[in-house]
Amino acid sequence: MLGIVSYGGYIPALRLERKLIADAWGGNSIGGERSVANNDEDSITMAVEAAVNCLNDRKREEIEGLFFASTTAPYQEKMSATLIATVLDLGRELTTADFANSLRAGTAMLKTAIGLVKSGSVRNMLVTTADCRLGYPKSDQEQAFGDGAAAILVGDKDPVATFEGSYSISNEMADVWRNPEDKFVKTWEGRFVLDEGYTAHMKEVVSGILKKYDLRPEDISKIILPAPNSRTHRSLAASLGFDVKTQVQDPLISNVGYCGTAQPLMMLAAALEAAKPGDVLLLAAYGDGADAMIFKVTDQIGKSINRCKMNTLLENKLMFPSYVRFLSYRGILEAQPSEPFRLFPSATVSWRERRSSLRCHASRCKKCGCMTFPVQRICYHCRSKDDYEEVRVSGMTGKVFTFTRDNLAGRSDDPIIIQTVAELESGLRFYAMMTDCDPDSVELGTPVELTFRRIYEGAGFHNYFWKLRPVRKGGTN
Amino acid sequence: MGSIKDKVAIVGMGCTKFGERWDASLEDLAIEAAYEAYEDAGVGPGDIQACWVGQASAPLIGVGGSTIADALKLHGIPIIRNENWCTTAHIALIEACIAVASGLYDTVMAIGVEKLKDTGYPGLGTGRGMSPVLEARRTAPGSFGLIAKRYFETYGLTNKEGKELIGKIAVKNHDNGSLCPKAHFHNKVTLEQVVNAPIIAWPLGLFDCCGNSDGSACAIITRADRVGSFRPDPVYLKGFGISMDSLLPHLRPGFDWINFNALVDSSRKAYEMAGIKNPREELDVAEVHDCFTITELAIYENFGFSPKGKAREDIDSGFFARGGGLPVNIDGGLKCFGHPVGASGLRMTYEIYKQLQGKADLPERQVKNPRLGLSHTFGGPPQISAVAILGNERG
Numbered sequence: 000m001l002g003i004v005s006y007g008g009y010i011p012a013l014r015l016e017r018k019l020i021a022d023a024w025g026g027n028s029i030g031g032e033r034s035v036a037n038n039d040e041d042s043i044t045m046a047v048e049a050a051v052n053c054l055n056d057r058k059r060e061e062i063e064g065l066f067f068a069s070t071t072a073p074y075q076e077k078m079s080a081t082l083i084a085t086v087l088d089l090g091r092e093l094t095t096a097d098f099a100n101s102l103r104a105g106t107a108m109l110k111t112a113i114g115l116v117k118s119g120s121v122r123n124m125l126v127t128t129a130d131c132r133l134g135y136p137k138s139d140q141e142q143a144f145g146d147g148a149a150a151i152l153v154g155d156k157d158p159v160a161t162f163e164g165s166y167s168i169s170n171e172m173a174d175v176w177r178n179p180e181d182k183f184v185k186t187w188e189g190r191f192v193l194d195e196g197y198t199a200h201m202k203e204v205v206s207g208i209l210k211k212y213d214l215r216p217e218d219i220s221k222i223i224l225p226a227p228n229s230r231t232h233r234s235l236a237a238s239l240g241f242d243v244k245t246q247v248q249d250p251l252i253s254n255v256g257y258c259g260t261a262q263p264l265m266m267l268a269a270a271l272e273a274a275k276p277g278d279v280l281l282l283a284a285y286g287d288g289a290d291a292m293i294f295k296v297t298d299q300i301g302k303s304i305n306r307c308k309m310n311t312l313l314e315n316k317l318m319f320p321s322y323v324r325f326l327s328y329r330g331i332l333e334a335q336p337s338e339p340f341r342l343f344p345s346a347t348v349s350w351r352e353r354r355s356s357l358r359c360h361a362s363r364c365k366k367c368g369c370m371t372f373p374v375q376r377i378c379y380h381c382r383s384k385d386d387y388e389e390v391r392v393s394g395m396t397g398k399v400f401t402f403t404r405d406n407l408a409g410r411s412d413d414p415i416i417i418q419t420v421a422e423l424e425s426g427l428r429f430y431a432m433m434t435d436c437d438p439d440s441v442e443l444g445t446p447v448e449l450t451f452r453r454i455y456e457g458a459g460f461h462n463y464f465w466k467l468r469p470v471r472k473g474g475t476n
Numbered sequence: 000m001g002s003i004k005d006k007v008a009i010v011g012m013g014c015t016k017f018g019e020r021w022d023a024s025l026e027d028l029a030i031e032a033a034y035e036a037y038e039d040a041g042v043g044p045g046d047i048q049a050c051w052v053g054q055a056s057a058p059l060i061g062v063g064g065s066t067i068a069d070a071l072k073l074h075g076i077p078i079i080r081n082e083n084w085c086t087t088a089h090i091a092l093i094e095a096c097i098a099v100a101s102g103l104y105d106t107v108m109a110i111g112v113e114k115l116k117d118t119g120y121p122g123l124g125t126g127r128g129m130s131p132v133l134e135a136r137r138t139a140p141g142s143f144g145l146i147a148k149r150y151f152e153t154y155g156l157t158n159k160e161g162k163e164l165i166g167k168i169a170v171k172n173h174d175n176g177s178l179c180p181k182a183h184f185h186n187k188v189t190l191e192q193v194v195n196a197p198i199i200a201w202p203l204g205l206f207d208c209c210g211n212s213d214g215s216a217c218a219i220i221t222r223a224d225r226v227g228s229f230r231p232d233p234v235y236l237k238g239f240g241i242s243m244d245s246l247l248p249h250l251r252p253g254f255d256w257i258n259f260n261a262l263v264d265s266s267r268k269a270y271e272m273a274g275i276k277n278p279r280e281e282l283d284v285a286e287v288h289d290c291f292t293i294t295e296l297a298i299y300e301n302f303g304f305s306p307k308g309k310a311r312e313d314i315d316s317g318f319f320a321r322g323g324g325l326p327v328n329i330d331g332g333l334k335c336f337g338h339p340v341g342a343s344g345l346r347m348t349y350e351i352y353k354q355l356q357g358k359a360d361l362p363e364r365q366v367k368n369p370r371l372g373l374s375h376t377f378g379g380p381p382q383i384s385a386v387a388i389l390g391n392e393r394g
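Residue numbers (numbering that gives the first Met the number 0), protein chains in the order written: chain A, 0 to 476; chain B, 0 to 394.
Just chain A, with the same shape it has in the complex (with noise of 0.2 Å):
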């Protein structure tokens, strides 16, 4: 049986308040709040940590392919998917690519990968996507955009959801775009953009999948339609016919924002997590054209696994405090620098400490059981050389042992570096900044988790590394 086999969200913990945007241009809020990437996240650690939550406990070295859709990867040329498959400690006997430039490439990829599994190509597909697309300051797209990821593991074994049909349209038009030299997403006129793109095209592709599977709005237990803003989406699933207190997915728009290529999947995840056995899920997405999609849930849903739900981090929030502070940790505006950098990044040394700093392994000595992070080749404890197995360590719990809380060491618009000593599994120690907390609420004790995040530019590149962050509130399942 072909589908949906795991599903994850991500979510960045911090949310910025509309109205701290309107109140800085003296405009309206469109209300709520959206989130924001933090200053150490971008499209590739959050396509991460979807794709942790996605897989959870599977063993890793069962996946046969990873893709990657944004329109925010950090590179214009340099696969985004090698670098996701390589930090979740993916085999090398891979299939990858990325999927850019519209904001369907994330069910066009979604739709690639079920293609390729269905052709018996490989057994199992990794689909990641995230997105932190920039609108204009002051600009209604900057307070509805949000930033976000998800991911959604496609096979042909056990899956919580059988894949049904799809529909797809392809449109050429320029309502949205980006051009090279862009920061800001580029639009034309409003009504444009809404009516003739979005809903029209929208509205296309929906009627046009009942039609082409003999199906009515009322078998559909949810349709999921991601949208730029809450009140086009309502009007849209009302005009096809659709009970919008039922059978209407959530679009994430008042807490979450628009998450760009990101938002189709994220939407399919929150779906899932509430969906039943026999409930039939019809997913559409626009950009450039329209996708749809029908998903069936099986009783595979049920099965508890580990899994940090949409609920749990929708939950697990840090407010923003301005508006100024989202302007400089997205570069849109240059605040004083910090103390400069003092180790200067080398693509060789990263290359050759990938086993550490990206598939983040420890080596476990083989004579005495001593684990140490990152690998060390002979045992800090009886010295035993070259004899040590190396274990992943990325999806260990633990404790702060010690910390400090650094107010040199951080960049001037986020300056309190949490200087962390864990104590992980087996006495594992783990060195760390501390992420995605308040900096008065860490203490000795403090339970720990790890995450991915982006460390800093240097030598003309983006240099990763791990965090940790107090474990969320509200957990796993």
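Each hint should be verified, as a subset may be incorrect.
Stated by the list, open to error - Negatives, chain A to chain B, calculated, CB over 10 Å:
1) G114
2) A173
3) K275
4) N315
What the hints assert, rightly or not - Distance condition first, Cα-Cα at most 25 Å in a straight line; then the derived DMTMM-like pairs of lysine to aspartate or glutamate:
5) A:K398 x B:E152
6) A:K316 x A:E448
7) A:K117 x A:D155
8) B:K353 x B:D5
9) B:K268 x B:D5
10) B:K159 x A:E442
11) A:K117 x A:E61
12) A:K275 x A:D218
13) B:K181 x B:D27
14) B:K159 x A:D437
15) B:K159 x A:D439
16) B:K116 x A:E338
17) A:K366 x B:D255
18) A:K398 x B:D255
19) A:K275 x A:D213
20) B:K159 x B:D27
21) A:K110 x A:D174
22) A:K110 x A:D139
23) A:K211 x A:E195
24) B:K72 x B:E35
25) A:K58 x A:D97
These aren't lab readings, by the way, just hints derived from the structure by calculation.
Since the model is a prediction, treat every value here as computed from it, not as a measurement.
Built from N, CA and C at the ideal position, the CB exists for glycine as well.
Got chain A sorted already, so can you dock chain B onto it with the hints?
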């Protein structure tokens, strides 16, 4: 291990004014320290047969010993540069002493010099160690700050009690520094000021952190059997100890952040060579590595000055203050004298040297009839510790 106790002596020393020496280059600082040492020893550049240079910061590829060769025109002799974190100058001194003790040289120079104030920023910058990502945001205060909370927790101190305890060390060292003309800072502070100062790396506040200074210090060393031709009051090397530990103890299983092997090993080796059984009783004066107040606290207990967990009693009783049982950092320490990294070990040794000669610059700073003094630097924590014990009597 062998011993070079009483085999070599320091016969001349120099030390610059420490501080923000905007007007002085690295070369100017070296000249200032070296020529004071020449004069003190009654020698000139032509008498120097080899030179050990301590300099911690340099461009990526380094500058070797050539800065000193060119500044002092010490061409044609071996000049060996040492970089070993904050112990840089101490190790230059100890290596120079070992070379003299070997009999190879009669008279050598050890000089430490550091020009920190040419970088354009007030701190030491962010990132230390080897890994660009793992250690990208590591700083000195952030590294030493990790000790504090473990100490407080282990010995049952509340954050307030802990902060006051280390704060008293700052008050003492500022009081000492106020009397020291060559020190970077001369301001006295109250405990209230210390605990309420802006936080640098909690719980370390501004006054828990040492100064980032320019400076240089220099020693002229000769064999003990030759001191007669130099001066009546040479200072003998009684013992030394160096111990290297880990750059990243953060990763070492079981490391408790209170007991530092480098401190214990380096002091034990130095005590053994010097024949010291009870350092608390036998030492008359000590200059230890107070880069941060918490470091000085850890040193008290790892050096055997105070029993484990009991330094609080000695701090409260004034045991380490001027006029106390064992005055520590009587020149203000790194805290107030300043910390030009590669010069500090020799600056501390300069103070011990002057104290043992009874020649402290101000009479109120002079320890009464000292015989044995200790100087110490500690890079890390807890990468490396170096101890030198000096005495004014040849045993």
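Hint check:
1. Listed as a non-interface residue, G114 (chain A) keeps its Cβ farther than 10 Å from every Cβ of chain B; the least gap is roughly 37 Å.
2. Every CB of chain B is more than 10 Å from the CB of A173 (chain A) (nearest about 41 Å), matching its label as outside the interface.
3. No Cβ of chain B comes within 10 Å of the Cβ of K275 (chain A); the nearest lies about 44 Å off, and the non-interface call holds.
4. Once the 10 Å rule is applied to beta carbons, N315 (chain A) is consistent with being away from chain B; the minimum gap is 24 Å.
5. Using a Cα cut-off of 25 Å, the hinted pair K398 (chain A) and E152 (chain B) holds, with the two alpha carbons roughly 15 Å apart.
6. The hinted pair formed by K316 (chain A) and E448 (chain A) meets the criterion: a straight-line CA distance of about 16 Å does not exceed 25 Å.
7. Taking the CA atoms of K117 (chain A) and D155 (chain A), the gap is near 8 Å; set against the 25 Å cutoff, the hint holds.
8. The straight-line distance between the Cα atoms of K353 (chain B) and D5 (chain B) is roughly 18 Å, inside the 25 Å bound, and the hint therefore holds.
9. Between K268 (chain B) and D5 (chain B) the alpha-carbon distance is near 15 Å, which keeps this suggested pair within the 25 Å criterion.
10. Taken as a hint, the K159 (chain B) and E442 (chain A) pair is honoured in the structure, with Cα atoms around 15 Å apart against an allowance of 25 Å.
11. Distance restraint check for K117 (chain A) and E61 (chain A): the Cα-Cα separation of roughly 17 Å lies within the 25 Å cut-off, and the hinted pair is therefore satisfied.
12. Between the alpha carbons of K275 (chain A) and D218 (chain A) the distance comes to roughly 14 Å, so the proposed pair stays at or under 25 Å and holds.
13. With a C-alpha separation of about 16 Å, the suggested pair K181 (chain B) and D27 (chain B) falls inside the 25 Å cut-off, and the hint holds.
14. Distance restraint check for K159 (chain B) and D437 (chain A): the Cα-Cα separation of roughly 20 Å lies within the 25 Å cut-off, and the hinted pair is therefore satisfied.
15. Restraint check for K159 (chain B) and D439 (chain A): satisfied, since their Cα atoms lie roughly 15 Å apart, inside the 25 Å limit.
16. Restraint check for K116 (chain B) and E338 (chain A): the C-alpha separation of about 14 Å stays at or below 25 Å, so the hint holds.
17. At roughly 23 Å between alpha-carbon atoms, K366 (chain A) and D255 (chain B) fall within 25 Å of each other, so this suggested pair holds.
18. A hinted pair counts as satisfied when its Cα atoms are at most 25 Å apart, and K398 (chain A) with D255 (chain B) qualifies at roughly 14 Å.
19. The straight-line distance between the Cα atoms of K275 (chain A) and D213 (chain A) is roughly 22 Å, inside the 25 Å bound, and the hint therefore holds.
20. At roughly 44 Å between alpha-carbon atoms, K159 (chain B) and D27 (chain B) are farther apart than 25 Å, so this suggested pair is violated.
21. Of the pairs offered as hints, the one joining K110 (chain A) and D174 (chain A) holds, with about 24 Å between alpha carbons and a cut-off of 25 Å not exceeded.
22. This hinted pair does not check out: K110 (chain A) and D139 (chain A) have alpha carbons roughly 31 Å apart, beyond 25 Å.
23. For the given pair, K211 (chain A) sits about 23 Å from E195 (chain A) by alpha-carbon distance, which is consistent with the 25 Å threshold.
24. Between K72 (chain B) and E35 (chain B) the CA atoms are separated by roughly 16 Å; this keeps the pair inside 25 Å, and the hint holds.
25. With a CA separation close to 23 Å, the supplied pair K58 (chain A) and D97 (chain A) stays within the 25 Å bound.
The structure is inconsistent with the numbered hints 20 and 22, although it conforms to all the rest.
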